[in-house]
Structures are given as C-alpha cells and as structure tokens.
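Engineer: Here's the letter readout for the chains.
Protein chains: 2
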Amino acid sequence: MSQLDSNWSFVYDSRLTPKGFLFAGISAGLKASNKKDLALILAPEGSVFSGMFTQSIVRASCVHICEERIKTTSGFLRAILINSGQANACTGNLGIQHFQIATEKIAALLGIKEEEVLMCSTGVIGVPIQINNLVKNLPKLVSDLKSNNFQNTAEAILTTDSTSKKVLIETIIQGRKIKIAGFAKGSGMIYPNMATMLAFLTCDAGIQKEEWDRMIAIAVKKSFNAISVDGETSTNDSFVGINAGEKIEKRFFPIIQQGIDIVCQNLAKNIARDGEGANCLLEVLVKGTKNTDDAIMLAKSICNSALVKTAIHGCDPNWGRIISAAGNSGVKFNLNDVDLFIGNAQILKKGKLNKYDPKKVTYYIKSRMKGRYLVDDIVKIMINLNSGESKGTAWGCDLSKKYVEINSEYTT
Amino acid sequence: MSQLDSNWSFVYDSRLTPKGFLFAGISAGLKASNKKDLALILAPEGSVFSGMFTQSIVRASCVHICEERIKTTSGFLRAILINSGQANACTGNLGIQHFQIATEKIAALLGIKEEEVLMCSTGVIGVPIQINNLVKNLPKLVSDLKSNNFQNTAEAILTTDSTSKKVLIETIIQGRKIKIAGFAKGSGMIYPNMATMLAFLTCDAGIQKEEWDRMIAIAVKKSFNAISVDGETSTNDSFVGINAGEKIEKRFFPIIQQGIDIVCQNLAKNIARDGEGANCLLEVLVKGTKNTDDAIMLAKSICNSALVKTAIHGCDPNWGRIISAAGNSGVKFNLNDVDLFIGNAQILKKGKLNKYDPKKVTYYIKSRMKGRYLVDDIVKIMINLNSGESKGTAWGCDLSKKYVEINSEYTT
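Those protein sequence lines, which keep their order, are chains R and S. For the first sequence, UniProt numbering assigns the number 412 to the last residue and increments by one with no breaks. For the second sequence, UniProt numbering assigns the number 412 to the last residue and increments by one with no breaks.
Excised from the complex, chain R in its bound form (with noise of 0.2 Å):
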C-alpha cells in the first residue's frame, strides 16, 4: 500500500511517539560484543495489550509467561522488558526463574505489579540469560525511559539484523492526533506463524481489548505470517500491540486497521529483506485465487523456495523454480489458467510461455540487488490463477553464500 492510498503519513522523526508511552535502550552486558541489548516500553495506565506468539511445540518459558499474564490480565498491562543477549529457550526452571526475578525487580522499580510485565528475549537458544547483569542495570534501564527514545530501544533488540526496523505514522481524526509507532527484530528463523521475531507496536488511541486483538490478528496474517526467511519458526516469536488513551469511536476503527496494516506490513518487509546476507527484497503478489489464505500460501511457498532465492540471487529467470515451488504451495490450481511476470516481463500467458527477454529480466532482477534498501531494491513476482477474485501477498529474499556463512558460524 503506498502512502497515498491510506489517510496515514510517515513520521521520520523516530522522537515522535505515541503519546503517553515511554521507551528505553541500553547496554547491559549480556551480548559479548557490549551493543545495546535491553530494552523497556512502559505504557500509560489503562493500555490494552494484545499478543500473538510462536505456534512452535518449543516454546520458550517466557511466551508462555507473556500469554498467560495477558489473560490473567485481561490485557491490562504496563511494561514489556525485552533482552536480545540470550533467547532463555530450553533453559528449564531456570529460564522461568529468571523470567521472574526479571519482571519482579522492573516492576518495584516502576512501582507497577509484576503481573503487569511482560518479558520477551531473543539470541541463542539454549542459552540462559546473564541475569545478574541484566538485574545490575535495571535501574539504569529505567532512568532512561523517555519518550523521544524509540531508536535506542529498536537497536536494543537487534540480534543478527544488519539495521534497526522501525516506523512511525500519524493521521488527525476529528481533530485529534493519533499516532501508531512499531519496532521490530528478525533477520534469520523467519516463517510464517510469527517467525524468529520480537515486534512490538504502540498506539494512542483507545480501542477495547476484544476489537483489538481481532485488529492485531488481521494485521499479523497479512504481515509477520506472510513472510519467509528460511522457513523456520522460532521458539521465542512475539507480536504484542498496545494501545493507550482517550477511546476512539467505532466509525474509525477501519482506519486504525489500516495504520495497524501498515506499520506492521513495514516491519515485515523489513524483516524479509534484512533476510541473513541477502541483498533484495523479494515481493510475491498471487491473484486470482479462491480466497486471501490460498493466495498468502501459494505466494509464501515461493518465497521460501531454496531454488527460487538461489535463482534470484544468481539474477537468473529460471521461471520454472517458481512454478515448481507454486506446484507444492498445497493449493489447487491448473496450469494452463496461469500467467506469470518477473518484474514488467509476462513469463507465461495461461500456462503457455510467453514471447519475453530473458536478458532484460535478469537486468532487472541485477539492478534491483544493487537498489537501495526498501526503496529500489524489490524484485517482485505475479501469479495469476486466474481462478478467484482474491489476492494477497508474501515476501522474502534472496539466498545467498553470505546466508551459510552468517548460519555456520553463529556460535562458534
């Protein structure tokens, strides 16, 4: 969706946050490299917490924490502690005692319930969390909150990414301000069903827990659960939205939907395209389809397709990958209904190979790999089935050496 489709703007001054919601990030000595790697968001009292979480068998202790707090609470929480040293994964009654000892302390500190804290990590699995340097700069961590601290607090959660992921938007209703902030982690373990990701969203206007979580569920499917890294799912994968503030009349909700989609569609295109070592984003529009879940899960095999990102990366038209990779999406559909495009160049015209360059598709897939980051460097892909009237869209990237390279040696 571009900006002039929708009622919101862009806000680049990452100062302007939502109101009433206080962020910070620092270094607490739990990554070895001394980068920042705890982070704080404390919403204003009365904000309503919605959260989506891996659908893995493996769970690590603190989702189940997270999810069970939210329901205790009805989603009347106050804070979200977030480390990116250790994911705290597979760590038994220790991860859940340092999830605890964790939220309890932040919490006197802020002079809030424990309860009322959720506690999210990312980083190695298996490994437990340096927890007494975590606990030795709380106190830290708290005088840092403010509100003009979002890019600390995004840099704090980054792992493997190669650039903090963030967005900021705003549109006036009725006069009033609204503003939605989202940040977001992930570069590796990215797949459908939340993928190895933290993102967390904040929102100034008021909407009741029950429409909200139905909100963050439409937003998610057509964002965090349309993208592909490399087809893993994590242990740790958490969304959590809040919104805080004076109620907003139901007439508007199709709006706060809309700024929701965007923020978090940005986040999950900036998820995919910092994919470990590749070099574009890679964008598959499937139309034509029975319904959205269909064209998402065509559209998402291709993204995750072995063969497909190593076509890409070498700029090579080798179309029948991406036919082959639609072929096991799991959705029905014939060949010879099918028009394919790379980019502007129609590949098959129903199922029959259309008259097509393939020197001027691998120029512009080359063109795009050496584009700017999410402005120019989008390979995009369409299928149409040609057999419905619904779409809908995945991303991913592109393999590269680079990829194996970051993947094996990532604790050694």
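These aren't lab readings, by the way, just hints derived from the structure by calculation. One thing to keep in mind: the hints can contain errors.
[Stated by the list, open to error] Listing some non-contacts, in silico: residues in chain S with all C-beta distances to chain R over 12 Å: (1) K146; (2) N148; (3) Q257; (4) N334; (5) N344.
[Unchecked claim] Mimicking PhoX-like on lysine-lysine, the simulated pairs with C-alpha atoms at most 25 Å apart in a straight line are: (6) S:K370 to R:K401; (7) S:K401 to R:K366; (8) R:K402 to S:K401.
Quick caveat, the model's predicted, so the values are computed rather than measured. Just so it is clear, CB atoms sit at the ideal spot from N, CA and C, and this is done for glycine as well.
We have chain R; now place chain S onto it with these hints.
Structural biologist: Just chain S now, with coordinates in the frame of chain R:
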C-alpha cells in the same frame, strides 16, 4: 540396516544385473556437455511395473502419461526411456508430442507397443527436449542394450549429481539366485514425496502386481520419502519398480521386501549425501514416537532445517536449532521427555541439558565432514521422545556456500 542383519549381500560388480533385464546409456547430444544423457531399460516379457510419482500440482506431462500407461496396461509394460538433458515440464502440447514421438520410435525399434514404453525426463523445467537429437540416436541406444551395461545407464540419467547412484544386491531363495538392482539420480530439489529424483529398480523374482505395488509403496515411504536436500519437490519425480521372471512363493515376500527396502534406502541415502554442495550425510533417527509417520515427519523436519544444515556445515553443536526444528515438525511432544544425542554425546536428558563437551561434538562433526563418501561421513542425530514404541529415520545433508553457488548459476 547393516548387511549382517539381512538375507542379502551386496554385489560389487555392476555387470551382474537381474536376469532378463537389458540396459543402455549413451550421449545423444541433449546436454551441452556431451555427457551421457539418454538411457533405456528393457524388461523381459511379462514384467510387472509399479510407479510412484511427484505429488506436486505442477507435474510434467511425462508423469501424467506414465501413470496413465501403467494403468492402461495393468502394469504389464516393457521399457523405460530416460533423458537427462531437459525436464520437458511446463512445455505444454509440445512436451506431450515429444513424449509420443520418442516412445513410438523406440517401441518400433524394440518391436513392442508404444503403450508398453514409459519415458522419464530430468533437467531444466520449461525447456523442451532436443527431440531431433534424441530420435536420431534411438537406434544407437537400442544397439547399446546389454545386460551388463548398468553403469552407463546409471550415468546417463544424472544432471548436477557428482556421482552415479546405483546398488545391486542378491540372495538365494530355495537354491535360486535372486537379484535386485537400483539406480537413481538427484542432488537438489530433494524433499519428501518423491524429491526431484528419478529412481528405477529391477528385480528378477516374479511378484503379482497388487502385492508388488504394496511392497514398493512401503519401501518408498521409508526411503525416498524420508530424505530432504532443500525442501523442494519437483515436477518430474518418479520411481519405477519392475519385477520379472518366475513367480516366487508368498512366504518369501518378507525377504523380497527387505531387499527392496535395502536398495531404496541405499539410493535415498546416496541422493541425500550428494545434495548439491554437501560434505556429509545427515542421519536423524527419531525414537519413542506414537507411530512411524510421526517419527519420520519429525526427523525430516530436522533434516530440512536450513539452520540445522548450516550449523552442521559449521561443525557447530547448536542443539537449540535441532530442538527448534523438532518443535515445528507438526508432531506434538513434551520437551521434558526428550533425549537428544549428536553422535555419542548426549545433549539433553529428559529435556534437561546434560554434561557434554561441545568441543568433542564439534570434533565429531568435523571428522565426519572429511569422511569417505557414505563410509564414515555420516553425522548422526538421535532424538527419543520417550512417548511411544515407534521409530523412523530421515536423511539430509549440510548446507554449504557451494549449494548457493550451484543453484544461483544453474541456467545462466
């Protein structure tokens, strides 16, 4: 299964093929490299054919026609023509015509009916067969037919494979020598549900069609459907098993099944080991499951994880990725019941981290990465869910920069 556990012995002389079968493999100028690219199997009269084909929605027309011909003839066919220059997938009517021209000509040369000939193709998708070259060379192919020409045939079906894949075994039943010989191709686009692979099995013990179909299906489930190189299923995946000759008594069927299993697993391991750019075979045994399907599904999820595969490549005992991949397999389990071994090192004991030396595990993987092909180059992972009596094995390989290199430069 080791040779000692079975009634079967390996035959190391590839000229000693099952009785009555003739083989040919030549260069027909289908590949730019001028390497062998056209193969033929001629089975004795009365042979019984069973075929299993790709489950992709996008299937090459040769797959459709093969299925149809097996049905029409009730499995009483005589020959298989195999070309490795072009996949002849997504080539529309031209692909069908090429199939028909080729099988009609070869049938005429062999003095059999066109419907008694199958044709399998492998290579780049979307590219038609160089049919003139193929047809021109059919007489040469037929004159090449010999019982001792198995090696050439095995070579002629390869594409990016680094080595030919073949296995011959024999046993004695009631004083009669029984032989089974199989050969295969595949080193990328390899996944459950047939992989991008072609494989062919010949057996000189006669077994009726229905029973033969059942036996072949059992073997495929535990072999070709339990490997993964890159999670890709292809348009052309095919496995054809042929038996011929004097019928064998029903009470010896278990021995034949054992033989088919050995041949199929051997070929499947060969395919997984020869994964593009791979340095080792990854063997994942999952025990203690409620049923075999669960065990294989979980084992495959680990074999197919890009993060596990890159960790193995980096000789990194990053066991969290193994557990994470298990968590996404779709198989339900409780982490607190799980034992995990890499080689002899027990990493998890009932879900808890066990004392082990990560350096020794690194050394174990490193030594395997330098091992001899399918002799001592197997990295073994074992997971016990401790929640049932079943087990299953899957095979994969490490993911190297070479894989990316090979696949980003495939057609350009």
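Engineer: Decide, hint by hint, whether the structure agrees.
Structural biologist: Okay, the hints, checked on the actual structure:
1. K146: Fine: 35 Å to the nearest Cβ keeps K146 of chain S off the interface.
2. N148: holds, 36 Å
3. Q257: Q257 of chain S is indeed farther than 12 Å from all Cβ atoms of chain R, at 30 Å.
4. N334: Incorrect as stated: the minimum Cβ-Cβ distance to chain R is 9 Å, not above 12 Å.
5. N344: holds, 19 Å
6. S:K370 to R:K401: holds, 21 Å
7. S:K401 to R:K366: At roughly 20 Å apart (the allowed maximum being 25 Å), K366 of chain R and K401 of chain S satisfy the hint.
8. R:K402 to S:K401: Holds: K402 of chain R and K401 of chain S sit about 8 Å apart, inside 25 Å.
In summary, the one numbered hint that this structure violates is 4.
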